[in-house]
Amino acid sequence: MAAISPWLALIAMIIVFTALNGRFLTIGNAINILQQAAVLIVLSVGGTFIILMGSIDLAVGSMVSLAGMSAAMLIRDHGEWAVILVPFITMLVSAIAGVLFAYARLPSFLTTLGMLYAINGMTLYVTQGAAINLPTDLVIGSIFNGSLLGVPTVALWAIGIALAATFVARRTRFGRFIYAIGGGETVAKLCGVPVARYKLYAFLVSGFLSGVAGIFLMLRIGGSDPTMGDPMLLPAIAAVVMGGTPLTGGVGGPHRTILGVLIITILQNGMNLANVNPFLQNVVLGAGVIAAVAVNMDRKRLLSVK
Amino acid sequence: MAGSSSATERPGTLGAGRTAASERIGSASPPLLEIRNIGKSFGGVRALSGVSLTLRKGEVIGLVGENGAGKSTLLKTISGNLRPDSGALLVNGRDVSLRNYADANREGIFHIYQDLALIPTLSVYENMLLAHEGAFSRFGVVDNRAMLRHVTDLLAEFGHERIDASRKVETYDLSTRQVIEIIKSFALAKLAGIESPVMLLDEPTAALTGDEVEFLMRLIQATRERAAIIYVSHRLSEVIEISDRLYVLKDGAMVAELPATGLAENRLHELMVGRTRDEFFYCEHKQQEPQGEVVLEVGGLSRTGSFADVAFNLRGGEILGVAGLLGSGKSDLGGVLAGALSGATGTIRVGGTIVPKNLSIRVMSDLGIGYLPPDRRDGVIPPLSVASNMSLARLTRHGERYWLNLAGERRDAVEFVATLGIKTAGIDAQISTLSGGNQQKVLLARWLLRQTKVLILDNPTNGVDAGAKEEIYGVLRRIAAEGVGILLVSDDLLELIGLSNRILVMRGGTLVREVPAPPNGKPGEVELVADMV
Chain E
1150 MAAISPWLAL IAMIIVFTAL NGRFLTIGNA INILQQAAVL IVLSVGGTFI
1200 ILMGSIDLAV GSMVSLAGMS AAMLIRDHGE WAVILVPFIT MLVSAIAGVL
1250 FAYARLPSFL TTLGMLYAIN GMTLYVTQGA AINLPTDLVI GSIFNGSLLG
1300 VPTVALWAIG IALAATFVAR RTRFGRFIYA IGGGETVAKL CGVPVARYKL
1350 YAFLVSGFLS GVAGIFLMLR IGGSDPTMGD PMLLPAIAAV VMGGTPLTGG
1400 VGGPHRTILG VLIITILQNG MNLANVNPFL QNVVLGAGVI AAVAVNMDRK
1450 RLLSVK
Chain H
8 MAGSSSATER PGTLGAGRTA ASERIGSASP PLLEIRNIGK SFGGVRALSG
58 VSLTLRKGEV IGLVGENGAG KSTLLKTISG NLRPDSGALL VNGRDVSLRN
108 YADANREGIF HIYQDLALIP TLSVYENMLL AHEGAFSRFG VVDNRAMLRH
158 VTDLLAEFGH ERIDASRKVE TYDLSTRQVI EIIKSFALAK LAGIESPVML
208 LDEPTAALTG DEVEFLMRLI QATRERAAII YVSHRLSEVI EISDRLYVLK
258 DGAMVAELPA TGLAENRLHE LMVGRTRDEF FYCEHKQQEP QGEVVLEVGG
308 LSRTGSFADV AFNLRGGEIL GVAGLLGSGK SDLGGVLAGA LSGATGTIRV
358 GGTIVPKNLS IRVMSDLGIG YLPPDRRDGV IPPLSVASNM SLARLTRHGE
408 RYWLNLAGER RDAVEFVATL GIKTAGIDAQ ISTLSGGNQQ KVLLARWLLR
458 QTKVLILDNP TNGVDAGAKE EIYGVLRRIA AEGVGILLVS DDLLELIGLS
508 NRILVMRGGT LVREVPAPPN GKPGEVELVA DMV
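Line by line, the protein sequences are chains E and H.
Everything in the first sequence is counted per our numbering, starting at 1150 for the first residue and increasing by one.
Everything in the second sequence is counted per our numbering, starting at 8 for the first residue and increasing by one.
Here are the in silico distance ranges between beta carbons for each label pair:
(1) H:R169 x E:A1443: 43 to 49 Å
(2) E:R1172 x H:S439: 45 to 51 Å
(3) E:F1237 x H:G415: 33 to 39 Å
If you want the footprint, here are the derived chain H segments under chain E, 3+ residues with CB under 8 Å:
(4) 381 to 393
(5) 406 to 415
Some chain E residues close to chain H (C-beta under 8 Å, calculated; not the full set):
(6) T1321
(7) G1332
(8) V1336
(9) V1342
(10) G1399
(11) V1400
None of these hints come from the bench; they were simulated from the model.
These figures come from a predicted structure and were not determined experimentally.
By construction, the Cβ of each residue, glycine as well, lies at the ideal position given by its N, Cα and C atoms.
Please construct the entire structure, taking both the sequences and the accompanying hints into account.
Spelled out as structure tokens, the structure:
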């Protein structure tokens, strides 16, 4: 049930939205959806590694804001290719949370909640709350935000990253160890898995990808805003869970998260086309998250629900 | 004490309470609890059929049977957690129908669970009277002092004044928690106006060892006059020791009711599984004189608070048993040698290589040491497949590639499922769908895959039924025959005696004796116990 329910949800939504608006099921709209989904795919695929361990990264949204700000400032001051540094900046910042979580053994929930606030504050302090606009003739703009044979390049990049992440999760030792840590940390330790180091690695991956997501978002909106990534936190976590990776970790994976992102994006896109009030859209999204948890979690096996 | 075979071998401790109840059996009053022809099915599968049982005040009856024989189902039926399809339940001769556990409590029936049903973060008195605060409330306000007083008095009544009722349960060790749990049933019975409760003890010693078991036994002796107890345990010697009578369940039916006095464990095994347990159970005919080199050499090994100055050699192909009570340091010795516990001093050589000072699991496993921890939950990763669970230790090998070789992993898994006779729906099945014994075989395969020279096993058959035990023993013999040295740490004395070439006896952190155990000259349990205590 948990394996096929995201597909059922997708199919049901496509049928409903097609019935509501003829423009929904067109190639143009499909391209729209891909473009809208791209940033969220990159961000939540990174977060999937953290959730697979049974931990959580609440800082992913603020990390996108940080990345957007850094990218815009670097482009402004050092030319557009300096943007390459951005994922490494966010990776370093994420390493702080990773070290506190993995080596100082602080719970990831509180560590990353603290990081969320600290990063937000820092971004607002550095920018003084001001937006930074980008020049319009960037080469990276055509690479990451252009179009190739009618397909938005950002979507191609996102799909490439998601495929790479899926490969890493299923076919590498790193991926297997992350599943093992989520499924039973003590066991992993007793098998000789260097648990703390791999926990840190997962945070580095998540940090790096939130930097990439931040660049993509910045290019799409044509500049940075110090709070631009903040609203992405909940969709990023919801996409992971709706795809089929429970917060308890150990099962699921990045390939499932792609589905979760598509569900959220199609839901938003379809409701926009059907002229659903934007406030009510949030109500539907919230209900969708709860429904996904209800279907995916093996509640009979849980001793207690907290 | 897990392994001793009968009360007569352990004079002075137990057995005193047995006569009192036997005298009452002839009396006219109805039994405290009577079960008549209870039947229960789950989706067409019969879990219990025509089960009957009687229990009188002051009596302890033992309930034994293999895993899946229906013991838990029967207990749940008695405690109102399951409703029987047919049959009757009589309390004091009165036909009762229990809808839930609260109903059972009102009739004075209490189920004391395998994993203790106490909330660690609440105090002793809050735990004992949980869900019964109403009796101590006025206008909806709970009188905590009255509750505390009530519980303190009760603890004193049972001679456990040392337990502070206002302290949190988590500050007490397992055996004390068991005491709290047992006295809790008396507390609740008293509240319900019942003088003698029926207590269902489900594997009460599964989490305990040595001294703690002894302590529990004494507690049962001390309280049996005021209660009636159904005692369920895999540790047959323990059941024989504590019970007046035994009931044997097999495949959901009661196959025997026997007096405990003079009962031999072999006889019970025969009734439970329908075969005689003898030296073949431990494959003693396959025991070989170890021909191999010394694979593990330990000298002057000490760890503060665990053990001191331990020295021994283990040869390839040898099974070396380690016996001892809880606190003897035997479990910690296994943990240190596996690299799971730090802070030890002394010398360890694995296959001639001196182990560096700071032990770690990675260092030890790269040298060829594999470890099965005492708790299977520390061994299996439930959501992962059989194949992934099996390959996990191999993947941590020094110099292992970053990419997984999935085809190789599947090949290995298929091979080990066949050679170790692992019963599973397939190598992709989640390991949590396997029975305990088969999970344990997967864990053995995990270390064999890593080309292990020394296997350290801590209670490898804990909580495994007799049939699966026999299979695991067969596997261990085969592993030894292939030249692996096995250090077997166990609370099951018969297992130690049956499997080992030699047995090291530990007491209070030191190695007190080495007992040879050749196939034709196995030591007796009494001989080992004498050195253990």
